[in-house]
Amino acid sequence: MTAPSQLIAIEGVTKRYATSSGPIEALHDVSLAVGAGEFCTLIGPSGCGKSTLLGMLGGLTAPDGGRVLVEGAAVTGPDPRRVATVFQDPGLFPWRTTLENVEFGLELQRVPKARRRQAATELLGPLGLRGFADKYPRELSGGMKQRVAIGRALAIDTKILLMDEPFGALDEQTRVLMGEWLLDIWRRTRKTVIFVTHSLHEALFLSTRIAVMTARPGRIKTLLELGHRYPRAMESAEMVALRARLWGEIREESLRAMQ
Amino acid sequence: MRRGATVMLARAALLLGLLAAWEAGGRAANPLLTVPPSAVLPALWDLVRLRSYPDLAASLLLTLREIAAAYGLAVLAGLGCGFTLAFNRLVGRAYGPILAALYAVPAVVWYPSLMLFFGLDAASKIAFGFLLGFFPVTLAVLAGIRQVNPQLVIVARSYGAGPLTVFARVMVPAMLFTLVGGLRTGLALSVIGVIVGEILGSKAGMGALINHAYGLLRTADYVALVLVTLVLVVGSDVVASLAERRARRWTE
Amino acid sequence: MRDPRVPAIQAVSVLAVLAAWETAARLAWMDPLFVPAPSAVARALGRIGGAALAGLGDTLAKTAAAYVLSVVLGVTAGLAIGSVRLLREVLNPFVIAAYGIPKILVLPWIVLVLGFGTAPAVFYGTLHGLFPVMVLVMGAVRDVDRTLVTVARAYGATTWQLYWKVLLPAIVPSVVAGMRLGIVFCLLGVLVVEMFAGVRGMGYVLSALANGFQAPELFAATALVSAASIAIVLALDHLSDKLSHWRG
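Chains as they are written, first to last, in the numbering used here: chain A, 1 to 259; chain B, 1001 to 1252; chain C, 2001 to 2248.
Possibly wrong hints are sitting among the right ones.
[Stated by the list, open to error] Pair ranges (Cβ atoms, derived):
(1) E71/A - K2242/C: 46 to 54 Å
(2) A1100/B - V2199/C: 32 to 40 Å
(3) G2049/C - T121/A: 28 to 36 Å
(4) K2242/C - G65/A: 36 to 44 Å
(5) H1212/B - N2211/C: 58 to 66 Å
(6) P1097/B - G2049/C: 21 to 29 Å
(7) Q109/A - N1088/B: 39 to 47 Å
[As the list claims (entries may be wrong)] No farther apart than 27 Å at their CA atoms in a straight line, the calculated lysine-lysine pairs in the DSSO-like style are these:
(8) K135/A - K113/A
(9) K113/A - K159/A
(10) K221/A - K191/A
(11) K2242/C - K113/A
(12) K2103/C - K1203/B
(13) K191/A - K113/A
(14) K159/A - K191/A
(15) K135/A - K2103/C
[Stated by the list, open to error] Chain C is nowhere near these chain B residues, computed Cβ spacing over 12 Å in every case:
(16) A1010
(17) L1015
(18) A1029
(19) L1050
(20) L1076
(21) C1081
(22) A1100
(23) V1148
(24) F1177
(25) I1195
(26) G1207
(27) V1233
(28) D1237
(29) R1246
(30) R1248
(31) W1250
I should point out that these hints are in silico values taken from the structure, not numbers from a laboratory.
Heads up, the beta-carbon is just placed ideally off N, CA and C, and yes, glycines get one too.
With the rest of the complex left out, here is chain A (with noise of 0.2 Å):
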């Protein structure tokens, strides 16, 4: 049974989508256990299901067999006083300011409005946004947009930071940068993230533990554990090592997954 110190819990969930050429089993039996202050990334060939597995960590999908599990207690619809989510589209309100936006949350949870400008305008220096909380998305470069969204989700103060593939849409540069940044929010701030991407480099960098997950249906295929020890030495000689046979296991499936 979940012991007490694991935060979430997968257990043998299911889920199956209707299309027009019949139904598409997208999540086959995963169980998977993240206890607090874990990084755990989810990685695996596209259409694996890693979206849809966050998705039910967020309450914005329901499993069609097994249970989702947040501190004990069944994941019944969006929770945003236990998970906050950052989506690969930044999904910034165009309308607001970088402050309001970082807001958002809280102001859909009735804090008022000093306490939460209050709140958003201390985000502002660890995000590296000082200086732009007047300005307007469309004024604002990919990167500090997804930091925005990543503020917002920040500013509501959850255990659990749910993130599907970020950093997905920036160049290669500005990845790399923002994952060193968000390793530092990250030890800083002591959140338990699940973070999906398709970047061995990002999971490697970033992650206590590596869920790789098979081609469709999508089962959680290896484990890997990785530990506490930051910051990581990309080119020593276990990180190469490491690498190879993540990129052996990721290769097969994504191999899979195109036939």
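Put chains B and C on the given structure of chain A with help from the hints.
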């Protein structure tokens, strides 16, 4: 599939509901003011048998001819004006805004002047239908030209195409969709212009018949005449939409 | 870059047309009974100015009432229908039909039921203004970025918050575009009613002048309404630029 059936069913139910409400309301209300559909049908039958209005055919024909004249002139002038403005940068930038400003005036304010000038006969209706149809055609040409990807023109010219070839082979196909949309809107507005003109004051045509029926409180005949006119309106738009679909198939 | 020749050409063209018109009228190339000289029109404006302004005020008051109704009803209905997929799919053809059908055909019946005066004008003006606003809003709601809706759900938005904090602000540009379109339609509707069965208002003034063959006065009154309507639309354009400052 199932969803589509639900939608069609709901639409049919709504339509029947509206007819039923009209029938119930029509029976309850003052018969001079409202007539139920069940009373419209015999009136419509009398109308198409030329019993109630023997000059129905002549009126329809007159209205149709007015529409044809108004629309024909609108298309000619609209295309001419649009291309002149589009191909001459300076002229376009000088007169474009004036045109846009005039478009912001509800066209019906010109109608009394047109009536004064052209009289109560067909000419004033043609002039008003022309005025309404002219703007969308002109604006569609301008919008269409703006839409042409300049890269396509550069490519064509680098392959040795002269101005005429560029126009016929690149510009026209690239802007056709927008242009045809404007032509369709123009037709719809020319039709409305002619009908509005006839209802606001005429001696012949569908509008004159409608005014006659309404003036004599022959409400059932009035509704029947409106239905016949609607067939004309909808019919012209169906023709235009078929042309639009063809143009779309051709450009895609 | 603004081309300094553009306003020059515009001014010269307008002046040239007026001058040519004036000359033609003075030389009696055109029958002044139908086409009066600009100078005669200007003098006529002085004569009928007071009465025309009163008529214009009356028309604009009815237009304002029709406009408020059109925008409020159009935005509310467009938001409600546009945001519920089944409702949107079922009602769309009805809304498009109501938008496209020449409303002049039901005008005689409206006058029959509502009589002469303010009520039919406001009703018919609303009938004209409502649908363009509604159609624009319905389309805008349908096209709201789905990610924004997902974000709002993920952050726990209630239905009310979803409408108030996401859908409504997202459609502001379309609402403004609809408001710009709607005002011309409302004014048109009101003027048509006044011409058809008016006892007051600018539409009535215009058709009375035409029936009385008072060409200079008619042209003056026409110019007055046109100027008023252009001014209103320009003001709305200005408002639209201000409200959409967040758009890229």
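So, going through the hints one by one against the coordinates:
| no. | hint | in the structure |
| --- | --- | --- |
| 1 | E71/A - K2242/C: 46 to 54 Å | 47 Å, holds |
| 2 | A1100/B - V2199/C: 32 to 40 Å | 34 Å, holds |
| 3 | G2049/C - T121/A: 28 to 36 Å | 58 Å, violated |
| 4 | K2242/C - G65/A: 36 to 44 Å | 53 Å, violated |
| 5 | H1212/B - N2211/C: 58 to 66 Å | 19 Å, violated |
| 6 | P1097/B - G2049/C: 21 to 29 Å | 28 Å, holds |
| 7 | Q109/A - N1088/B: 39 to 47 Å | 59 Å, violated |
| 8 | K135/A - K113/A | 19 Å, holds |
| 9 | K113/A - K159/A | 23 Å, holds |
| 10 | K221/A - K191/A | 25 Å, holds |
| 11 | K2242/C - K113/A | 25 Å, holds |
| 12 | K2103/C - K1203/B | 21 Å, holds |
| 13 | K191/A - K113/A | 25 Å, holds |
| 14 | K159/A - K191/A | 5 Å, holds |
| 15 | K135/A - K2103/C | 46 Å, violated |
| 16 | A1010 | 4 Å, violated |
| 17 | L1015 | 8 Å, violated |
| 18 | A1029 | 9 Å, violated |
| 19 | L1050 | 21 Å, holds |
| 20 | L1076 | 22 Å, holds |
| 21 | C1081 | 14 Å, holds |
| 22 | A1100 | 9 Å, violated |
| 23 | V1148 | 22 Å, holds |
| 24 | F1177 | 18 Å, holds |
| 25 | I1195 | 5 Å, violated |
| 26 | G1207 | 8 Å, violated |
| 27 | V1233 | 6 Å, violated |
| 28 | D1237 | 7 Å, violated |
| 29 | R1246 | 21 Å, holds |
| 30 | R1248 | 18 Å, holds |
| 31 | W1250 | 25 Å, holds |
Comparing the model with each numbered hint stated earlier shows that hints 3, 4, 5, 7, 15, 16, 17, 18, 22, 25, 26, 27, 28 do not hold.
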